[in-house]
Amino acid sequence: MSETTGVEMRIIPDRLRSRLQRAMRSWEVLLVAVAVGVFTFNSLASPFFLDAWNLSDATFNFTEKAMIAFAMALLIIAGEIDLSVASIIALASTAMGAAVQLGFDTPALLLIGLGTGLLCGAFNGFLVTGLGLPSIVVTIGTLSLFRGIAYMVLGDQSYGGYPSSFAWFGQGYVWWVITVEMVIFAICAVVFWIVLHFTQFGRTVYAIGNNPTAALFSGIRVARVKFTLFLLTGLMSGLAAVCLTSRLASTRPSIALGWELEVVTMVVLGGVSILGGSGTIPGVVLAAIIMGMVTFGLGLLNVPGIVMSIFVGLLLISVIAIPRLLGLVKVRLT
Amino acid sequence: MNMLRSREAQLTLAIFALLALVAWRFPAFVAPGNLAAVFNDTSPLILLALGQTVVILTRCIDLSVAANLALTGMTAAIINVMFPGMPVPLIVAGAVVMGAALGAINGILVWKLTIPPIVVTLGTLTIFRGLVFVISDGQWINAHEMTDAFSALPRAEILGLPMLSWFAIAGFAAFVLLVRYTALGRSFYAVGGNPSAAVYAGISPGRTQFLAFVLSGAVAGLTGYLWVARYQVAYVDIAGGFELDVVAACVIGGISIAGGAGTILGALLGALFLGIVKNALPVVGISPFWQLAISGAAIVIAVIANGRAQRRAGRQILKRDGPKAEGAR
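So the sequences go chain by chain: A and B.
Sequential numbering of the first sequence, starting at 1, is according to my numbering.
Sequential numbering of the second sequence, starting at 1, is according to my numbering.
Rather than coming from a laboratory, the hints here were simulated on the basis of the structure.
For glycine and all other residues, C-beta sits at the position ideal for the given N, C-alpha and C.
Heads up, a few of these hints could be off.
[What the hints assert, rightly or not] Per label pair, the in silico range of CB-to-CB distance:
#	chain 1	residue 1	chain 2	residue 2	range
1	B	I108	A	A45	28 to 36 Å
2	B	F26	A	S254	43 to 51 Å
3	B	I286	A	G305	30 to 38 Å
4	A	G305	B	M86	27 to 35 Å
5	B	P87	A	S26	53 to 61 Å
6	B	R207	A	R221	56 to 64 Å
7	A	W176	B	V134	34 to 42 Å
8	B	V97	A	V303	26 to 34 Å
9	B	V134	A	F217	47 to 55 Å
10	A	A45	B	I286	27 to 35 Å
11	B	M86	A	W53	31 to 39 Å
Take these sequences, add in the hints, and give me the full structure.
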């Protein structure tokens with residue numbers, strides 16, 4: 001592999017390809033083509049696909065996961081990962097459910113949901129950056145721990161009885177078919193796009209992912225940036241918990257089970273290198289839309305959820321494998 | 001005093017302390033018969049932890065073991081229902097081969113395409129689990145559909161211990177021998193400890209990791225048969241989330257997630273520790289719903305303890321800094 005050889009000669013072209021040529025070869029353009037393909041296929045395969053209300057419902061397939069995926073993208077670009085996000089949702093949702101039983105109202109519930117997410121993120125961040133532990137194992141541990149606490153509290157019970165004003169986040173419409181979640185998703189997308197691509201903070205995220213040691217020597221507070229990213233991932237998981245709980249109007253400890261896989265798949269499909277250092281927010285947005293449309297289309301064709309998960313797994317592996325396979329072929333040819 | 005520094009000694013002490021704590025209120029828990037039952041109950045976890053250990057030793061991780069177990073277990077059950085006359089040893093051999101083949105898929109992707117193991121096995125986890133649904137059509141296979149010979153093997157008693165326990169004991173012995181006295185076993189440590197140095201010593205890190213995955217898969221396949229035959233039921237969600245317990249057992253047993261350090265004995269003790277906790281919970285009257293949180297807390301605490309014991313700067317496992325001299329490949 002070219003990234004590991006080190007001794008291999010680098011071929012540097014005399015002239016860069018034109019801006020248009022480079023844009024045409026980018027991952028995002030490929031994603032747009034895939035999205036158009038999936039959209040066309042779905043609308044031909046099912047007569048119910050091209051309906052404004054159906055499409056609006058379909059967005060629920062990805063909006064909540066995408067909120068987490070934005071933060072996860074930053075985290076993976078910086079060379080870390082958080083597998084506990086789905087469990088943070090479970091814990092935050094349980095905390096909100098418990099608060100409802102104590103008589104708290106919507107604004108307090110929102111704060112409790114986001115606050116729980118922040119606390120979980122801070123816990124992960126402290127273990128990884130404060131104690132210098134590998135994020136994969138730490139978050140596999142907190143994956144069991146956070147959901148485990150939800151199970152300790154709830155057992156086989158569930159929380160319900162959310163105030164009607166709380167339903168606004170997950171069930172509300174801003175205008176016609178535009179849901180509140182869609183608006184939150186769009187705002188998050190823009191904010192993360194600006195943060196990653198147009199701020200100093202965003203540049204430090206890339207720098208850390210490419211070479212943490214070099215980043216440290218150039219004066220970047222690596223640990224602090226990573227800690228912030230874990231906080232951010234926790235916060236976005238809390239936000240997703242608010243939306244999901246509001247949409248389902250109930251809390252079970254098994255809520256959002258297995259979402260960490262779909263979030264990671266979304267990020268990787270969006271062109272973020274799992275090894276860190278590269279990736280874009282527009283890519284993640286496109287990947288979210290594609291995954292939402294694929295699952296919605298399969299749902300219209302009566303494919304059961306667990307079979308859909310096979311597609312998600314295949315998607316995750318093939319998205320990473322295919323470019324490498326092509327790379328292998330190219331190496332053989334030269 | 002140095003003896004006490006090792007993770008194995010600390011864990012042994014912890015296990016005895018745990019047993020003493022439970023025995024203080026419920027003496028029946030430490031009766032030999034009950035301890036044997038606890039060991040038997042922990043045997044699948046021990047087997048899987050053995051396979052997981054060699055994978056983690058080579059700086060990888062295999063999250064697909066539980067799904068592999070479910071897929072091979074379900075396949076074994078279906079074959080038993082469709083061909084009741086097929087001899088059980090053949091089914092067991094088939095389960096091992098099938099598990100190894102599923103492990104080889106992980107291994108190939110990690111070896112030839114250098115995809116990070118965590119991503120590969122997260123993907124195959126869902127694919128395998130989904131395939132269980134596809135081949136079984138979501139149906140359960142119950143005790144009355146299985147032949148007696150099929151479900152008798154794990155329960156057959158030799159010297160007072162069920163075969164399931166003997167499989168765990170034999171697996172432990174085999175892995176100790178493998179890891180200590182064979183070239184392959186030593187190369188697991190070499191690759192995990194320093195892949196670049198391993199290359200210069202003539203060991204291919206990718207191939208070694210591939211073999212670790214095959215080994216882990218084979219063990220998962222065997223355990224799949226044992227699991228289904230012992231509980232006499234096969235359904236889509238068998239051993240769901242069990243991979244976390246397996247990783248927990250290894251981490252508690254002192255297997256360094258950064259690779260290259262840890263012993264088979266540690267994995268055994270880690271699995272036993274978790275198994276005793278799991279079996280003691282209902283005895284002391286704690287809801288089984290606490291189990292997930294307890295194993296989560298155990299992982300976190302063990303990772304912190306491991307980190308303190310072997311603090312080394314600049315080790316990042318997401319970024320597998322591959323061997324620098326791979327040009328020769």
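Consistency of the hints with the structure:
1. B:I108 with A:A45: 28 to 36 Å: holds (33 Å)
2. B:F26 with A:S254: 43 to 51 Å: violated (31 Å)
3. B:I286 with A:G305: 30 to 38 Å: holds (33 Å)
4. A:G305 with B:M86: 27 to 35 Å: Holds - the Cβ-Cβ distance for A:G305 and B:M86, about 33 Å, lies within 27 to 35 Å.
5. B:P87 with A:S26: 53 to 61 Å: holds (58 Å)
6. B:R207 with A:R221: 56 to 64 Å: violated (40 Å)
7. A:W176 with B:V134: 34 to 42 Å: holds (40 Å)
8. B:V97 with A:V303: 26 to 34 Å: Between B:V97 and A:V303, where Cβ atoms are some 30 Å apart, the hint holds.
9. B:V134 with A:F217: 47 to 55 Å: Holds, at about 52 Å.
10. A:A45 with B:I286: 27 to 35 Å: violated (51 Å)
11. B:M86 with A:W53: 31 to 39 Å: violated (53 Å)
Checked against the numbered hints given earlier, the structure breaks hints 2, 6, 10 and 11 and satisfies all the rest.
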